[in-house]
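> Each chain is listed here by its residues.
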Amino acid sequence: MNIPENLKYTDTHEWVRTEGDAAVIGISDFAQRELGDIVYVEVPEVGGDVSPDEPLGSVESVKAVSEVRCPLNGTVEGVNEALEDQPELLNSDPYGEGWIAKIALSDPSQLDGLMDSAAYAAYVAEQDS
Amino acid sequence: MRYLPASEEDIRHMLAAAGLERVEDLFSSIPPDLRAKDLDSPDGLSELELARRFLSRSRRNVSSTCRPCFLGAGAYAHHIPSPVDHVLLRTEFYTAYTPYQPETSQGTLQSIYEFQTMMADLTGMDYANASLYDGASATAEAALMAWRARKGGRILVARSLHPAYREVLATYVRHLGIDIVEIPFGTDGRLDLDALGEDTCDGASALLVGQPNFFGIVEDPAAIAERLPGKKPPLLTAVVSEALSLAALRAPGSAGADIVAGDARSFGLPLGYGGPYLGFIASKKPFLRQLPGRICGETTDTEGRRGYVLTLSTREQHIRREKATSNICTNQGLCMLAATVYLSLTGRRGLAELARQNLSKAEYLKERLVEKGCEPVFTGPTFNEFAVRPRNRDGVSQALRDANILGGYDLANAYPELEGAILLAATELVSRSDCDRLADILGGAS
Numbered sequence: 001m002n003i004p005e006n007l008k009y010t011d012t013h014e015w016v017r018t019e020g021d022a023a024v025i026g027i028s029d030f031a032q033r034e035l036g037d038i039v040y041v042e043v044p045e046v047g048g049d050v051s052p053d054e055p056l057g058s059v060e061s062v063k064a065v066s067e068v069r070c071p072l073n074g075t076v077e078g079v080n081e082a083l084e085d086q087p088e089l090l091n092s093d094p095y096g097e098g099w100i101a102k103i104a105l106s107d108p109s110q111l112d113g114l115m116d117s118a119a120y121a122a123y124v125a126e127q128d129s
Numbered sequence: 130m131r132y133l134p135a136s137e138e139d140i141r142h143m144l145a146a147a148g149l150e151r152v153e154d155l156f157s158s159i160p161p162d163l164r165a166k167d168l169d170s171p172d173g174l175s176e177l178e179l180a181r182r183f184l185s186r187s188r189r190n191v192s193s194t195c196r197p198c199f200l201g202a203g204a205y206a207h208h209i210p211s212p213v214d215h216v217l218l219r220t221e222f223y224t225a226y227t228p229y230q231p232e233t234s235q236g237t238l239q240s241i242y243e244f245q246t247m248m249a250d251l252t253g254m255d256y257a258n259a260s261l262y263d264g265a266s267a268t269a270e271a272a273l274m275a276w277r278a279r280k281g282g283r284i285l286v287a288r289s290l291h292p293a294y295r296e297v298l299a300t301y302v303r304h305l306g307i308d309i310v311e312i313p314f315g316t317d318g319r320l321d322l323d324a325l326g327e328d329t330c331d332g333a334s335a336l337l338v339g340q341p342n343f344f345g346i347v348e349d350p351a352a353i354a355e356r357l358p359g360k361k362p363p364l365l366t367a368v369v370s371e372a373l374s375l376a377a378l379r380a381p382g383s384a385g386a387d388i389v390a391g392d393a394r395s396f397g398l399p400l401g402y403g404g405p406y407l408g409f410i411a412s413k414k415p416f417l418r419q420l421p422g423r424i425c426g427e428t429t430d431t432e433g434r435r436g437y438v439l440t441l442s443t444r445e446q447h448i449r450r451e452k453a454t455s456n457i458c459t460n461q462g463l464c465m466l467a468a469t470v471y472l473s474l475t476g477r478r479g480l481a482e483l484a485r486q487n488l489s490k491a492e493y494l495k496e497r498l499v500e501k502g503c504e505p506v507f508t509g510p511t512f513n514e515f516a517v518r519p520r521n522r523d524g525v526s527q528a529l530r531d532a533n534i535l536g537g538y539d540l541a542n543a544y545p546e547l548e549g550a551i552l553l554a555a556t557e558l559v560s561r562s563d564c565d566r567l568a569d570i571l572g573g574a575s
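Those protein sequence lines, which keep their order, are chains S and L. In terms of my numbering, the first sequence opens at residue 1 and continues consecutively. In terms of my numbering, the second sequence opens at residue 130 and continues consecutively.
Hints were generated in silico from the structure; no laboratory data involved.
Pairs of lysine-lysine residues, derived as DSSO-like cross-links and limited to a Cα-Cα distance of at most 30 Å, are as follows: (1) L:Lys361 with L:Lys414; (2) L:Lys361 with L:Lys452; (3) L:Lys280 with S:Lys63; (4) S:Lys63 with L:Lys413; (5) L:Lys413 with L:Lys452; (6) L:Lys452 with S:Lys63; (7) L:Lys413 with L:Lys360; (8) L:Lys360 with L:Lys414; (9) L:Lys413 with L:Lys280; (10) L:Lys361 with S:Lys102; (11) L:Lys360 with S:Lys102; (12) L:Lys360 with L:Lys280; (13) S:Lys63 with L:Lys414; (14) L:Lys280 with L:Lys452; (15) S:Lys102 with L:Lys280; (16) S:Lys102 with L:Lys452; (17) L:Lys414 with L:Lys280; (18) S:Lys63 with S:Lys102; (19) S:Lys102 with L:Lys414; (20) L:Lys413 with L:Lys361; (21) L:Lys414 with L:Lys452; (22) L:Lys452 with L:Lys360; (23) L:Lys280 with L:Lys361.
Bound-form chain L, shown alone (with noise of 0.2 Å):
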C-alpha cells in the first residue's frame, strides 16, 4: 500500500475547512509550559554528527541493563530472552495491525488466543481479553465492569493499591459520578478487613486489592471473599502488576476473585522508561458480556477447519455506540505478541523456578538488611518487593550512585504517614553481592 502525504495545498484546504489557520493552531489546547521548546540542536548536521550528538547524551542515562536495579513499585526489571525480539521483529509480525479481516489475519489471530489462553490460566479465571494499554487503565476498565454487572454501586478500592492506579482510576469515574471509597491497610501491610463492614459494602459493586498490593505484600483474596457479606457482595477483583508473581502464588480466581486486571510487562517487555506496557484483564464467566476490548475465539470455516475470529463484537463501541463495554477499539498488540512468546519459551517450569528465584532474592535481601539494622514496615508475606526503614539514612543517594546501584522507591511520595520507609524490589536479576553492597549501604555499612 502506497503512502500519499497530503500537499501543501490539501494542508491550506483542510486547516480553511476547520476555520484555523496554521498547522501550529490544532495543538492550541496542549498548555504552553508542556510544549516542547528549543531542542539545542544546531540546523545543518550532518547524520553522523547528529547521531553523535544525541548518543553522548544518552550516555548520562543510567538504567537497568546495566546496574543492578532494586526499584519495582510496579515496572520490575526482568531478563528478556533474546528469541523474543526475533519473532517481534519479523515483518510479518511487526506490521500488522488490526485483524478485523479474519482470512488475512490467522496469525496475529492465533496469537491472540494463544495469549488470552495463557492470561486465563495464569489467573484462574475462564476468560481474558486480547490485552489492553496498561495495569493502570486496566484496573479503570475492571472496575468499570463491576459497577456495570451490578447495575451501579460504589467502588471500594485499597489504598495500598498503585497510587498511579487510583489516580487513572479517578480520572475515568470523574464524570460519571460514582464514588470511590479508599479501604485502608492493616500493620500487616494487607487489607484491613474490618474496614469492611456491611455499611461500607452494601450496594458496593467493586472491591479492588492490589496482589500483591504496592507494598509488595501479599493478600488473601479468600479471606477478603469470605468478608463480603450479602448476596450481591461487591466483584471482588484482584490487581496485579507484577505478572510474574501469578507463578508463585495461588491463582486470583481460585482464591475468590471474579475479575483479575493488572499488567503484563513483566513477561518479555522491557522498562523503556515508563511504555509501552500491557494491561490485561479476565473474568469468570458470568461477566464475559461486560468484558472491554478485543476477544478473540476460535471457530470453524465453511470447509470445517479450525480458524479465529474477533468475537463478541456486540460489546464494542463500533455497534453499541455510547452503551458499549468500553470505548477502547485496540489491544497492545506486538506487546501482547512479545508476552505470548515470552511465556512460550519460559514455559510452566521456567515460570515457577524464575519466581521461586525472585522470591528468594528478596528474601535474602530482607534478612541481610534485618542484619544491618534496618526494619520492614509490614509484617505480613511478600514477593518480590517489600517496604523497609534503613537504618542509614545519610547520604544514601551519593553512596547508591557511587556504587552503581539503582535504588528503591522513596514510599513517603505516595504515603506522607510512611516517611522514612522506600520500597525494594529484588528480581532474578540482582546477586547475592549486590544484595549485600545494598545492605551495607543501606544499614550504614561500619
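Excised from the complex, chain S in its bound form (with noise of 0.2 Å):
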C-alpha cells in the first residue's frame, strides 16, 4: 500500500497536495484498488467553487461509481484533461499522473483538519480488517 508522506488525507480516500495557496486533489492508491479498473473520471468545473458538502466529481468503473469529495472550500483552477481518454491513469499513478484537480484554497488552515501519513495508514488498516 503507497501512502506517499509529503501529503495529506481524508476519510473518503482522496489525497491533497499543498502548491502555496493551491491545492491538488487525487484518490488514494486504497481507493484506486477497491475500485479495480476505471473506465470514466467525472472532473469538475474549471472557476466552478467547491466545499467539502458537494462532490468534486466522481469516478466510475464498470460497475460502480464513487464519489470524489473535496474537504476544503474553493474555486476550481485546473483539471486533468488527461484523464479523459486515460482514466486508468488513476491506477497507474493514483499520485502523480492521475491528480484530479487543483484547487485555489480559501481557507487554508481547512487543511489541519486533514489526517497525515502516518493516521491514514492506522486508518486504512483498520478498514481492511
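With the hints as a guide, bring the two chains together.
Here it is in C-alpha cells:
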C-alpha cells in the first residue's frame, strides 16, 4: 500500500498536496485498488466553487461509481484533462499523473483538519480488518 | 423454468405481513370510479359461447385496418409487412427478455445494437439508446437529460408540440421544481423565432420542438439553432412522433439538434388502441453519459470474437440509485425488435419511397380540399399531415361514418383558438379516391 509521506489524506480516501495557496487532489492507492479498473472520471468545471458539501466529481469502474469529495473550500483552478482519454492513470499513478483537480483555497487552515500519512495508514489498516 | 403459483396459505401469510385483509385491499389507491365494474358476462359460458359473445361486440369497432384513416395526431397508420410478425413470433425472440447475461443473450443484444445504429443514422446523432416506453415519456426524458447536462435551468417547449407529450413532460417535472415555458407558433405554423429572446433563453437548459410538430408543420431546426443566443444555449431537442418523416426531412442532427427523441411506432407496429408504442432517444457525443435507459455496445470476448453487451451501466439506477439518469430499467424489447425487422425489410430506398408516397398523398389531399373551398390553417411546409378548415361543417361526422372513412382530429380539443380546424394525415394506406371522397365531404359536395 502506497501512502506518500508528503501528502495529507481524508477519511473518504482522497489525497491533498499543497502548492502555495493551492491544493492538488486525487484518490489514494487504497481507493483505486478498491474500485478496480477505472473507465471514466467526471472532473469539475474550471472556475466552479467547491466545498466539502458537494461532490467534486466522480470515478467510475465498470460496475461502480464513487464520488470524489473535496475536503476544502475553494475554486477550481485546473483539472487533469489527460483523464478524459486515459482514466486508467488513476490506477497506474494515483498520486502523480492521476491527479484530478487543482483548487485555489479560500481557507488554507482547513488543511490542518486532514490526516497525515501515519494517521491515514492507521485508518486504512482499520478498514482492511 | 417452472411456474410456482402462490398457495392460499402463502397469500394469507403475505396479506398478514402487509397488514391487509383481502387481495382487493392492495388496489385501494385506485379511485372507485376508475375500477372496472360488472363485465356484463354471465357465469358458466362455454369457451365457444364466450368467444362468440365478445366477437360480436368487437365487430362494432371500426379500425384503420378496415377503412381509410385520415387520423394522425401522433399515431399514423402504416402498412406492416407480414415478415415482421413472423420474426417476432419466433419463441426465441418472443419469450426472451432482459439481456443481463450477455453470454446467453447475443441474439437480443445484436438486435438492440442494430436498432441503435439505425436510429442514430436516421436522426443524424452519434448515439441512440435501446428504446424507451413511448414518444411522450421519451420527450420528458430528453428534457431531463438536457436539464442535467446544463446543470439546471428552465425548459422551453414549443406550444406546437404534441399536447399529450407536453402533459407528460409537466407530470415528470412537477416535483422537481423546473419551470416550463411555452414558446408560441406563428401564422406559418412554425416556432415563433422572435419569442426566443435573450431573457427567455438565458439560463434555459432545453428547447423542445416537434419535427414535424403537432400541426404536421416541418420546422427549420437550423434557423432555430442559429437564433439560440449565448455560449451555453439551451440544448435543441427535436421531438419526432412520425418516425417516417426521418426518411424525408433533413436529419435533425445535421440541422443543429443536440438531442432527438420521439416515437418509432411507425416502423412496423400497429396502432393497437393506443399502445404499446416505441420511444426512442438519441444524442450527440458530449451528452452520451446523460442518456437514460439501456445502451448496448459492441465488444470482443476473451477469444477475440465480436460480441454485444449492455454498457455504460453506471448511468443507471441499479448502480447510481437516485443520481441515475433515469429510473427506467428496461426497453421496449419486442416493439424495438419489430422496428428493427421493419427497417431492415424496408431498407433505405424503401423508406425513402414510403416517405415520398406519404408526402405526395398529403399534398394531393391538400390540393383537392383547397379546390373544394377548404382553407389550410398555416402557410408552412408539411409532411404527411396538415391542419385545414373545412368549408362544410354540418353533419360531417355522420357523412364520414356513412362513407366509411375515419376522419381527422378536431384541433379545438387542444387549441381553443383553432376552433373549426381539423388535423388530417394521409399515409401510403389511403388511395386517391379516398382523398377525393374526403374532400367532397369536407368541401360540401354539391
